[in-house]
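In the order they appear, the protein sequences are chains A and B.
Under my numbering, the first residue of the first sequence carries the number 8, and numbering increases by one thereafter.
Under my numbering, the first residue of the second sequence carries the number 10, and numbering increases by one thereafter.
By construction, these hints were calculated from the structure, which means they are not laboratory data.
It cannot be assumed that every hint is accurate.
[Claimed, not checked] Below, in silico cross-link-like pairs of lysine-lysine (DSS-like), each with a Cα-Cα straight-line distance of 25 Å or less:
(1) B:156 - A:666
(2) A:24 - B:156
(3) A:29 - B:20
(4) A:55 - A:167
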Amino acid sequence: MASSMIGSRVERTEDKKFITGKGRYTADITLHGQTYAFFIRSPHARAKIKKVDISKALAAPGVVTILTGQDIIKDKIGGLIAGWKIVSKDGTDMKLPAHPPLAHDQVNYVGDHVAVVIAESLEEARNAAELVNVDYKVLTAVVNTASAMTSEAIYEGIDKNLCFDWELGDKAKTEEAFAKADRIVHLKLNNNRLVPNAMEPRASIGEYNSSTDDLTLYTTSQNPHLTRLVISAFNGVHPEHKFRVVAPDVGGGFGSKIYPYAEDVVIAYAAKKIGRPVKWVCERTDSFLSDCHGRDHVTEAELAVRKDGIVTGLRVNTIANLGGYGSLFATVTPTYLYAPLIVGLYNIPAAYCNVKAVFTNTAPVDAYRGAGRPEATYLIERIMDQAANEMGMDRAEFRKKNFITAFPHQQCLVHNIDSGDYHAHFNKALELADYKGFEKRKADSAAKGKLRGIGFSTYIEACGIAPSSVVMSIGAGVGLWESAEVRFNATGNISVFTGAHSHGQGHATTFAQIVADKLGVPMANIDLVHGDTDKGPFGMGTYGSRSLAVGGSAISKACDKIIDKGKRVAAHMLESTPEQIDFKDGEFIVRNSNKKKTIGEIAFACYLPGTYGEVKSPLPAGVEPGLKETAFYDPINFSFPSGSHVCEVEIDQDTGVTKVVKYSCVDDFGTLINPMIVEGQVHGGLAQGIGQALYENAYYDETGQLVTASYMDYAMPRADHFPEFKIEYTCTPATSNPLGVKGCGEAGAIASPPAVMNAVIDAIGTDISMPATSEKVWQALRTKVKSAKKAA
Amino acid sequence: MRSVTLEVNGKKVTKTIEDHLLLSSFIREQLNLTGTHVGCDTSQCGACVVHVDGKSVKSCALLAADINGSAVTTIEGLSTNGTLHPMQAAFKKHHGLQCGFCTPGMIMSSVDLLNNNKNPSDAEIREWLEGNICRCTGYQNIVAAVKEAAQNL
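So here's chain B without its partners, still in its complex pose:
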């Protein structure tokens, strides 16, 4: 057990946790932020993507204890004062989600893409999202949403 302090969605939280607690479990179970989803056991599906210190990571592939002192943004922390982030708005406008399960990870990953590449091509978007599996949308409307968000950011 050890004490870990993180800034999650702008708020400081300190918890005493098991050394082996995954960041995804920390977020879901200790903080009750259930927007971060767990869709596989092998860090393949990307439903659990959050930002740690501004970079997208699969939260099932990190130990919470290993990122002591970091700033974490989850899907719940993306909109500000009730205004949707342009990526969220674009997913809605372009029907970039169906069942919604992969969506939080997909959005968090896409936001990081635009942090790295302000005007990605279709091929670049598709390649970046290789680590996020969606079974519903066939990805086409997700690509459209990311392109629109790139214009609006």
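So that you can see chain A by itself, here it is in the shape it has in the complex:
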């Protein structure tokens, strides 16, 4: 059975609890004697807090306590942090405002945290919150990304609302490429602001035992160990060794649950302060207001092209909106996760990218599925289309002319790409999409009075984040390795502990497949444990398509150590030498003999090392009892998934309604462990990316009110928005990890927005920004008709 586990469509072992209603999410947990928290949030985008009067509310029925920014100061609770230092091009460090978990002097976005009411019931907490009187002096809000630098400064000491003005690439060489170019293609782009919208709203429960001094926080986190570290080391709530963070079943994350939020800090702190459990569950509107948002870039890009269609340079200026504060990964997302990939999978010899990150009075922006890579891909794939169109070249042929073809490939920016075959997946995608048949389908649509367009998108990501030495040299506050522990129990079954966290990704299945394959033990005898800082070793969590490439590799390494020790024990038991022992399909065999021991027998022997009667100890001298190995894996490089996507849309000219009618993609994720789970990841990513292109937009009005703060106003993609996606793969295994895997979680969200938009633009023949809503498309078509009439 062993080798068949890799690449096998194993049904998920975690499913049964979810399909029978036995999942246990944070909001499902009820603790004895628990109290309920309700947060008072700023209704203003920008205001000074003159006074917070809690006297009436404190006297309301059921109120246990009310905490405000003053308590945070008094108890010396530290602020939230941005964990990645970016240095501006003039050599100065990025500038950050203080970010207290409860504001005391100023609020900086609608939904910012002002106070928390804790009561015997949620209803009492909510009612008492009505009695808290906050006296605000309302200030003019800065909302717009493009004009933030010329607006009033939100923070004293942060000129032009500028966090940093950063650059990447060889500017002089890029200027030279442009000076020599036959054609310069210009494009202005908006990358619309999105709300991640995991279906499970955030929640936290704090529990403190004053006699043992143990503090526990149950929370909706992709990253429980880092949450513990940050709340301990930076917020100073409780020492790390007496602090347990549990992220039980978590209902989706997409980036939005990577980082500890103000509520996590306050709930942990409040539970400790009152000595009773405190439970908080976010309502959806508060999620819209206070979950970190994604994207929100304004970009001007230029492409230098030779007349034969070879691209020679790329120049990009981006303004990235960080929102009201610098969130944990906010500063790396529009810099190192973005700029190195603006050249896509093309062999562009010179590129330069300038990113100005600005503060505005909007919700903080941080990593959302793809984080920087969707923005990079959108820009390069849109401008490649624009260039092909301007030069009258076929958009597919234009791309092919510029693909990187030899590996390893050192980009002109940062990355050394180990492997890939871009022509292979592009050609396969054209075939899958029946590109040749497009004109016929277009004519059929036209016969029905509809417009039809086709769009291509190719992408490369840098995943498997990340080599610690590299990321720490460019500002990361932590290394990005991953941990694993493989623990044989005496009866021969295995508990596997991972520092990664699964909130939909199916780790319990995929990771068990790796262990089953390595150790030859049936899946049923393997249990995966994650999400509890009291159980497994410290880990860095799940994001950036890293869990399998980094966490899976750590598990693989720990299995290697188990096999190593097993060989020594088997050699002793079988009166051979470790060098003479082969391990295959769960058995240690003396080479060229029939002498063998199963791995279960070896595990049992490791736990019974004593000598009794005639029985000699199975353990050789100097070998410790037990069979348990820990491994930390620090990747030697990023991994580089890539792929080609083709989208076809049909547009109703009377209504502007755009329908994705055909979507075909071919991705290279390296080795696949469980293709069924990989497909699911691609489907989900596509839905989010198509959502960005056609439906979703977080819209703030000029006063900083979030207009789209519910599912009535924010257009979440629904089942009838999509056709059946066609998915195929190519495979060039990654060389940067022992599994050969590259990561698949974000690809769909990265590749699809430009594929869709290129198709829409192809159909309507005019530029349009995301999301291409029916109203916008209809307006664009009308404008075109009007200007055509005018010209006539």
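Dock chain B against chain A, hints included.
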């Protein structure tokens, strides 16, 4: 406050509750059946779908007091004697779930679809599930699961 009697997953329960208690809160908080989830405040997401007298409803859009005497089935009541309902089995087989949060509502809604339409087309499935939002799966495997369940029911 008033006394309400419901038959929940085949068992009769009587509770004295506030008039304004939502059915979703009644199920989660009074009966501790936490398989029914709450994902929004506007009756849009469908994570809280249960059956009341055999029809799928969003339990966040009903008052428990208003359905006195009704029979309620939640996700916990769908399988019988430990055997998965064909819809549950099909969701597992076709990887129709990832994080699992929308899943109970999605399954309850899909079961009601098949009660109304024994052999729905892809388009009919997608249209019926308009009121259930899933952020993980892109819906494709859910559609496949519902089609398979239609064959097995």
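Results for each hint:
Note on residue 156 of chain B and residue 666 of chain A: the hinted pairing holds, with a Cα-Cα distance of about 23 Å set against a maximum of 25 Å. With a C-alpha separation of about 22 Å, the suggested pair residue 24 of chain A and residue 156 of chain B falls inside the 25 Å cut-off, and the hint holds. Taking the CA atoms of residue 29 of chain A and residue 20 of chain B, the gap is about 19 Å. The hint holds against a cut of 25 Å. For the hint linking residue 55 of chain A to residue 167 of chain A, the alpha-carbon distance of about 19 Å falls within 25 Å, and the restraint holds.
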